[in-house]
Amino acid sequence: MTDTILVDQDGHFKIGKSATTPKNEAEGFLASAEDAADAWGISLESLFSGVNVVLYSGTGMLNTLLSRTGRRLGLITTKGLEDMILMGRGLQAWADYSYADRLHAVTHHHPDPLVPRRRTHGVTERIDQFGDVVLPLYEHEVSAAAKKLIADKVEAICIMTIFSHVNPVHEKRIAEICREEVDKAGADIIVYTSHEVRPVIREQSRLNSVLIEAYATSRGRKQLRGIEDVSKKYGFKYGVQTLLSFGGLTSINHPRLHETMISGPIGGILGAAYVGKLIGNDSLICSDMGGTSFDMGVITRGQTRIENEPLMDRFKLNVPTLHLDTIGAGAGMILKVDPLTKKVSLGPESAGSDPGPICFARGGTEPTIADCDAILGRLNPHYFLGGKVVLQVEKARRAFQEKCSDILGVGLEEAAEGMIDMLEADANNALRRVISGQGIHPSEFTLLSYGGSGPLHLAGCSRGIGFKDIITFQFAAAFSAFGCTTADFMRRHSVSTQHDIPSRADEATLAAFGVKVTTVWNDLTKAAVDEMIADGHAREKIRTVPFLMMRYTGQLEDVEVMAPLAEVNSADDMRRVIDEFEAVYAKVNHRVSRYGEAGFTITELGLIATADKVKPVLLKRPLGKSDPASAHKGVREAYIGGRWHKANLYEMDLLQPGHEVIGPAIIEHPATTLVVHPQDRVHVDEWTLLHYTHA
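If you count the sequence shown from 1, you need to add 54 to reach the numbering used here.
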């Protein structure tokens with residue numbers, strides 16, 4: 055689905071929804087925007103001519119990578135590293151493999167290379183780890199390589215030389231020569247350099263970053279420009295924005311667009327942080343269940359983990375990303391039963407939006423979890439998307455019986471609930487694994503459940519873990535979109551460093567480190583601010599915050615630390631930075647895990663520049679009576695816990711602060727459904743958030 059959330063200057067908002075249109079995302083975007091405009095009672099022209107910001111995020115570029123439908127690439131690298139793509143990294147080569155496949159290596163293969171070996175050319179040059187030129191660049195080899203790639207009809211040339219993040223002089227010259235050869239040939243070829251895309255340490259990840267920027271973003275830019283074109287057609291006056299993977303808005307013309315490739319789920323973490331401030335809890339588990347995946351994010355005592363090298367389709371990238379754990383678990387997962395072994399498999403394939411589950415009656419032939427929900431009466435066949443889609447329950451029953459329950463030799467309802475139980479058990483175990491790595495008890499965490507399928511399967515996913523609180527939302531299906539609207543405009547620049555600070559460094563040593571740190575921050579500030587000014591932001595509205603990636607010397611993992619001051623001008627200032635690192639480290643890990651005797655290492659210095667934008671506001675209203683009769687709309691048979699129940703039906707948008715619903719019940723919204731199991735309770739707080747309590 056494509057979700058739209060409209061937010062006015064007072065923070066009020068309305069939500070629209072429509073099926074995604076992968077071939078031309080602008081169509082689904084426009085239909086979803088029209089649905090939201092209808093909810094507000096305005097036309098599309100009034101909508102687009104009146105808004106200041108249009109923000110669009112999604113997974114289109116990631117899908118280009120997954121389907122291997124990107125540009126035809128060529129690569130020029132340091133001689134001797136021509137096989138770098140084929141060798142890859144062990145970590146990424148085994149990523150996404152099941153436990154069984156990790157045990158039996160005969161099934162293993164490396165990710166398909168984005169550039170074949172014959173379009174990879176090495177040139178003589180060498181810069182060492184200190185940035186000194188060891189071997190000069192052999193320019194004639196560059197010219198020869200560029201001519202071969204042009205003859206090979208590549209659409210982009212990528213350049214990655216060793217240690218270019220320290221000194222990019224050779225990469226710059228290679229790019230100049232390539233552009234000269236392209237101009238001579240009259241070709242239409244774009245040149246990318248790794249030091250411009252991501253100037254940080256770890257050559258393999260930097261190589262992957264520049265390749266994926268070149269490979270996958272061209273189609274993404276085209277889709278985003280289609281969104282911008284249709285927005286301007288209806289009166290939008292400005293440029294469309296998209297969401298960065300580390301949180302924050304940027305123009306669709308952002309030069310490093312691969313930083314937005316997994317922006318969709320990131321909105322949920324941003325929204326969770328926003329809600330956490332309202333409810334007064336800074337330890338949150340975010341869980342987003344849609345059609346295919348179950349995404350989990352963690353905020354531990356106010357700290358959101360930044361992952362500097364995320365995995366994307368088995369490629370390790372140098373892209374700072376708000377950390378998410380993901381498993382395959384969603385309502386669109388296709389169900390299979392082996393007729394010989396009777397083994398049940400959930401996915402990993404998904405029915406997608408087209409053709410979708412069988413009950414959608416759009417050509418789907420394989421049973422899904424959504425079909426099970428419809429068969430068991432948990433979904434209202436006449437109220438899906440507010441009645442725009444009428445679910446064909448009998449068609450789903452016949453197909454599920456033939457392909458699943460008859461093969462298993464059990465009753466239809468028992469088999470359908472068993473499939474749902476398997477899905478919810480997978481999600482429940484995944485939540486337990488995520489929590490176990492945080493160093494604090496589950497009773498400190500509030501679970502926030504959202505996504506189109508999140509409330510539907512909330513009870514089973516959360517049962518028995520012992521959360522402090524469990525919350526879902528009237529706008530759960532569009533919560534990630536809601537989270538996107540809480541973000542500010544942002545730029546993030548960083549460079550790798552290697553500063554090892556002894557545990558007992560004297561005054562002069564600490565002050566000297568401070569000078570080095572401040573010099574880098576000043577350079578990054580200028581670069582980030584210049585980009586934001588170019589995007590139209592006034593200088594006085596741009597705020598900058600420097601940060602560091604630090605670790606205790608000898609450790610393998612960094613911690614991101616927001617600097618407590620803008621410049622480090624003395625030994626005492628440097629001590630303040632170190633103290634801040636130790637405080638953050640204790641929050642993310644545990645107080646007793648600190649190890650200052652080992653010394654401190656700064657591995658990366660960075661700068662975040664932001665500018666404010668309008669955000670949604672959740673209204674606080676007084677609590678009223680607990681009787682939810684005003685939202686009651688009937689009774690429906692629903693199969694829960696091994697038998698049929700007469701479940702009370704409630705309209706989710708009509709529930710008011712103070713209302714309490716006792717299960718068995720089904721709380722319906724055009725875009726989502728909350729199933730309340732027998733004896734469980736849901737109460738609505740003063741922010742109109744829905745709190746789920748297990749019996």
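In case anyone wonders, no lab produced these hints; they're calculated from the structure.
Note that this is a predicted model, so its numbers are computed, not measured.
Check the hints yourself; a few may be wrong.
[Said to hold, decoys possible] Using 30 angstroms as the maximum straight-line C-alpha spacing, the simulated DSBU-like pairs for lysine-lysine come out as follows:
1) K331 - K390
2) K457 - K667
3) K207 - K226
4) K276 - K641
5) K570 - K641
6) K77 - K331
7) K331 - K674
[Claimed, not checked] Between beta-carbon pairs, the in silico distance windows are:
8) H748 - N307: 46 to 56 angstroms
9) D707 - D460: 18 to 28 angstroms
10) I494 - G608: 45 to 55 angstroms
We put the CB at the ideal spot given by N, CA and C, even for glycine.
Checked hints:
no., hint, in the structure
1, K331 - K390, "violated, 43 angstroms"
2, K457 - K667, "violated, 51 angstroms"
3, K207 - K226, "holds, 22 angstroms"
4, K276 - K641, "violated, 42 angstroms"
5, K570 - K641, "holds, 27 angstroms"
6, K77 - K331, "violated, 39 angstroms"
7, K331 - K674, "holds, 13 angstroms"
8, H748 - N307: 46 to 56 angstroms, "holds, 48 angstroms"
9, D707 - D460: 18 to 28 angstroms, "violated, 40 angstroms"
10, I494 - G608: 45 to 55 angstroms, "violated, 25 angstroms"
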